[in-house]
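Taking the hints into account, I'd like the entire structure generated from these sequences.
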Amino acid sequence: MPEINIKAEPIFSVFGLHITNSLFTSIIATVTFLLIAIYYSKQITASKKSGFFYFVHFMFKSINDLFKSILGDNIKFFLPLVLSFFLFILIQNWFGLLPGVGSVTIAIKEYGKIVHVPIFRGGNADLNTTLALALISVVMIQFYGVKFLGFLQYIKKFIDLSNPINFFVGVLEIISEISKVLSFAFRLFGNIFAGEVLLTIVAFLVPVLASFPFIILELFVGFVQALVFAMLTTVFLNGAIAKHH
Amino acid sequence: MDSEGLKALAVALSIGLGSVGPATAIGKIGSKAMEALGRNPEAESSIRTTMILSIAFAEAVAIYALVVSLILMFT
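Chains as they are written, first to last, in the numbering used here: chain V, 1 to 245; chain C, 1 to 75.
Per label pair, the in silico range of CB-to-CB distance:
(1) S179/V - T24/C: 20 to 26 Å
(2) G16/V - A12/C: 40 to 46 Å
(3) A43/C - Y40/V: 31 to 37 Å
Note that these hints are calculated values from the structure, not bench results.
Since the structure is predicted, the reported quantities are computational estimates derived from the model, not experimental observations.
Beta carbons are placed, not taken as given, at the ideal position from N, Cα and C, and that holds for glycine.
Printed below as a string of structure tokens:
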């Protein structure tokens, strides 16, 4: 059986900070993301635009229309946040499917013996990445709730002393905010990690051609998970900034 | 039965039983969405949005079972 690790392994360290293979892949994905962004912003002012620009533009427009149906006119304010979530998760998910990710290994010394660990590993196949994304999402939801409603009005959702039922509803609201972090993090991690395990096992059982349909499936799953993450953030944002009675 | 066999049994049971509920739920969500679409075809975009969201919530339960079984298996 191929060896499957649930946690990312450190491949080298910079000034005592361990760089794991997931972090390494995330950095590459972030640089790719940045290059696409710079290219896009350069092309906006150019007189003759390339096909790639129109492709990216078409994607932005469809996502904008999709989220506009949830957020309404607030979309202008929130689009940068949710679109960044969507594109970053999408690029990371699809990076994990490139040939060589998980199969190119590097020899490192661990507890005095030489072990071979993959040099690339999908960024979202590490719980730390998805937990960070989930924390950013939930903290931003609270931040925008306070910004749009005012601190007192927003905190009334959680601590309401007007009658006992409202008090317990407030306690439930607090628990649901915490469980949002867990469910965001585990949903993304579980899907992407399960996909990697599936691809590894299938490639191990049938070496030729059998993993092809599964790679198509994983492309679809990566897209849907990015969309679901962004869309859930949008829906929760919409709930947080809405005035309640 | 030794502990290794029990562990394999626990892994298989946790993901097997854990995916029964979400599978039923996703099937039901899909069928209801089709029904709604048949009754009201012009509401397609909002039905699709809500359907994807509900499926994501139902699927999360299966993913929790998967995470539990992965943790059981690899630790």
